[in-house]
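Please take these sequences and the hints and turn them into a complete structure.
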Amino acid sequence: MSAQIAYLGTSVPDWVRQLSSSDPLQRRLGAYALGEIGPAATEAMSDLAATLQDPVAFVRVWAAAASARVVPSGGESITVLVAELGNELAFVRSLAAWHLGRLGPAFPGIEQALHPLRQLAGDEDPSVRVEAALALGMLEGKGAPPPELKSLCT
Amino acid sequence: MGYKPIESYGVIGDLHTVALVGIDGSIDWCCLPHFDSPSVFAAILDDQKGGSFRIASLYEAQCKQMYMPDSNVLVTRFLSDQGVGEVVDFMPIQGAREIRKIHQIVRVVRAVRGSVRFRLDCRPAFDFARRPHQVVLEGRGAIFEARGMKVSLVSRFPLGRQGDGVAAEFVLNPGETTTFILRQVEETSQDSVHDGVLLEARLVGTEALTQTLAFWRQWLRKCNYSGRWREMVHRSALVLKLLTFAPTGAIVAAPTCGLPEEIGGVRNWDYRYTWVRDAAFTNYAFLRLGLTSEAEQFMAWLGQRAVEGARGDPLQTMYRIDGGRELPEEILGHLDGYRGSRPVRVGNAAADQLQLDIYGELMDAVYLYDKYGTPIAYDSWRHVRKMLDWVTSNWERADDGIWEVRGGQQQFVYSKVQCWVALDRAIRLAQKRSLPLDRARLAAERDRIYETIMTHGWNTERQTFVQHFATDAVDASNLIMPLVFFLSPTDPRMRGTLDRIMAELVSDSLVHRYEIGRGAGDGLTGSEGTFNMCTFWLVEALARAGRAEEARFIFEKMLTYANHLGLYAEETGPRGEALGNFPQAFTHIGLISAAFNLDRRLGVGP
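Chains A and B supply the protein sequences, listed in that same order.
Each residue of the first sequence is one higher than the one before, starting from 339 at the first, in my numbering.
Each residue of the second sequence is one higher than the one before, starting from 43 at the first, in my numbering.
Everything labelled a hint here was simulated from the structure, so no lab data went into it.
Hints are all accurate, no fakes.
Partial list, computed: chain A residues near chain B (C-beta under 7 Å):
1. LEU346
2. LEU363
3. ARG366
4. LEU367
5. TYR370
6. GLU374
Here are the simulated distance ranges between beta carbons:
7. B:SER157 x A:SER360: 32 to 40 Å
8. B:LYS599 x A:PRO464: 53 to 61 Å
9. A:ALA388 x B:ARG189: 38 to 46 Å
10. A:ASP352 x B:GLY181: 19 to 27 Å
Glycine residues also receive a C-beta, built at the ideal position from the N, C-alpha and C atoms.
Here it is, written out as structure tokens:
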């Protein structure tokens, strides 16, 4: 598929504007959309980088994941995601773990995430433990499909 | 968006309602919280306004669908050069003791080979697209709020607003899975639903899948059918179970309304109710397969209706699934109708018709349940007797007949046959259980019905039973005669009728229920397809008449008209297309009964 220059019919500049919204959900959506546009949204990289300092933790996580898709060479994305593995909010920890897993084993610098992910095996929150385990499965190249879906794997 | 063929849908459900899932991954029909509630998605009735919930690969893909084995868990597959993606759809079954009634459509999306880019579009349209709603985006998804109803969509990926719906595109890596949940929580007067409940716990999808699969597999294990065509029989049983309303045991005739019997035509009815006739036949099918708990639940529902009937007024032809008697018919003029098939009707005016046959079908269900399930209780028997008194006093009346014609009442032969069945089964049951009954009076009345049919329902010149006493037209419903033991399948009169029906109503092995424009009219213009149930009745009648090989060929041919998942609508069109409401209980009942009896006639071995 050819590189897309818009997401849901909206182009890069409009999504960049969303990053300045007062609504964190809109900032999250803006970051996600730029990530989906991917390398064609390089012009938005400085805005995304600024969003890595967003006051809301889940926005930072989504911005980090998006940055990794726009410029897949790593950089600050891994650092931010690993840092959020220690966030006080369980859903932010599990979100960060999920995104790290999605980056895949070939992503530059991903190895620095393995130890902190393993540490989450003892997390008090079950969804964090599950996400960390799934992420480790992805990063170790095993994948972790649900048992009932295994039969459908080729 | 456009309309897909009716046969391009699969069905999932939670024993309260269902959703139709197109082979392109689009949910185009769902009423919440119950079968007969107003729709939330109705793109099958209006592809612009109706509302839908689609998840599909963005690659140019070939689509396939399958059920996970022995279940009503549906897998829609998208195969392309870039990768293979799947959407696993199901509705978790809630335990009866759960206080909070939650209805969920769970959609597990997965990349099987390669990375797959998907797009989600969810646009509900409440109350058949008559009630506007607000969209509220939340951290864990979105809430669609209309007056009196809220539905949430739980999503891990951020959703973007698109008009009055939401959308998202996302990429899944090989082996990666994500779950979307569309959720509705029934509100009670004391209990308003918090958004937290609507949007909770994203990881329940996989657990729910395991539990739902286990539910269906455990249920199907109770089925004792081991004859030929087992997979088709099992699929039919699974469909019938899906059409069961768990709280009352009622069975809907089909879970849709407005799907046309002719494309662009006017025969577009609402089948989301319980016909005594269809439900009694369903009961027979369940009992034949050893599924007695469904029969038990339905008999309790039917028993309640019989109690009402014994109070004086006869049974209604159909009821709401909660047992209610009001089904006012309404035309939804704002909807385009499936491929322009208008009008779209909800409610069903046929509820007020007089259809005498339902007493026979009901009594046959009572008789069979007594035989294969639980012996009838004395108090139930008292209600039955009162109902029989009504039949003996009313069987000579003209009625609207099995096909619910709207062109005036007639002395339909099928109705008379079923009145005979009602009295016959009562006499047999009383004899078997030594129950008190004025046998002599009922037997005399039963015999009078028999002679009346033989005298007025038989056309000597054409050597056939006719549709009603004032016509020489044939009707496929008379194929039921040997099936209910009204007369021998080899009786010359039955042979003559069989031959006449095959000559006049059968086209390429498929059976029209009657010849439109001849006999009783239904008061409507246009035509219709062949009636699947009648084709299965033909198979049975032929098998019982000793023409098993002929029956087998027609049956095997009929199997080819099922869709890719083994589902049937009410009718089949000239190009093999599904017509009418979908999937339809009557057809699947016919398949089960025909398979059972044909297999028995064919004996051991292939």
